[in-house]
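Novice: Please model the entire structure based on the sequences and the hints provided.
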Amino acid sequence: SNYYDVNDLLAEEEMIPTVFNTSVYGLGRALDSSCDNEDLPVNSKVALPFWLAEFLSKRKMLTPMVPSYLKKRFVCASVASKTMP
1 SNYYDVNDLL AEEEMIPTVF NTSVYGLGRA LDSSCDNEDL PVNSKVALPF
51 WLAEFLSKRK MLTPMVPSYL KKRFVCASVA SKTMP
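Counting in our numbering, the sequence shown tops out at residue 85, every number present.
In case anyone wonders, no lab produced these hints; they're calculated from the structure.
Hints should not be assumed to be uniformly reliable.
Restraint ranges, calculated between C-beta atoms of paired labels, are given here [to be verified]: (1) M61 - E13: 26 to 32 Å; (2) P49 - G26: 15 to 21 Å; (3) M61 - S34: 16 to 22 Å; (4) G26 - V66: 25 to 31 Å.
Ideal Cβ placement from N, Cα and C applies to all residues, glycine included.
Specialist: Listed below in structure tokens is the structure:
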């Protein structure tokens with residue numbers, strides 16, 4: 001199995017840090033157990049499963065916070081995996 005394989009990430013429900021671009025009403029405690037409120041305000045930082053973060057990111061509701069060192073390693077590894085048999 002490839003460490004960067006999307007299917008592996010989805011299967012493991014890898015958690016990634018995110019920042020919400022919009023307010024989220026009624027799901028504060030469901031998305032963040034440490035939340036004191038039912039709602040999440042704009043700029044709330046929440047760790048979400050990869051599959052959910054990807055879904056919400058495509059709808060411009062949040063921004064994934066991937067460390068810069070990981071972005072570079074991911075790009076290098078994904079390019080290498082495409083060129084190697």
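Novice: Using the beta carbons of G26 and V66, state whether their distance is inside 25 to 31 Å or not.
Specialist: The hinted range 25 to 31 Å holds for G26 and V66, with Cβ atoms some 28 Å apart.
Novice: Looking only at beta-carbon atoms, does the pair M61, E13 fall within the given range of 26 to 32 Å?
Specialist: 19 Å, violated
Novice: Per the hint of 15 to 21 Å, is the separation of the Cβ atoms of P49 and G26 within bounds?
Specialist: 19 Å, holds
Novice: Is 16 to 22 Å a correct range for the gap between the Cβ atoms of M61 and S34?
Specialist: 20 Å, holds
The structure fails hint 1 only (numbered hints given earlier).
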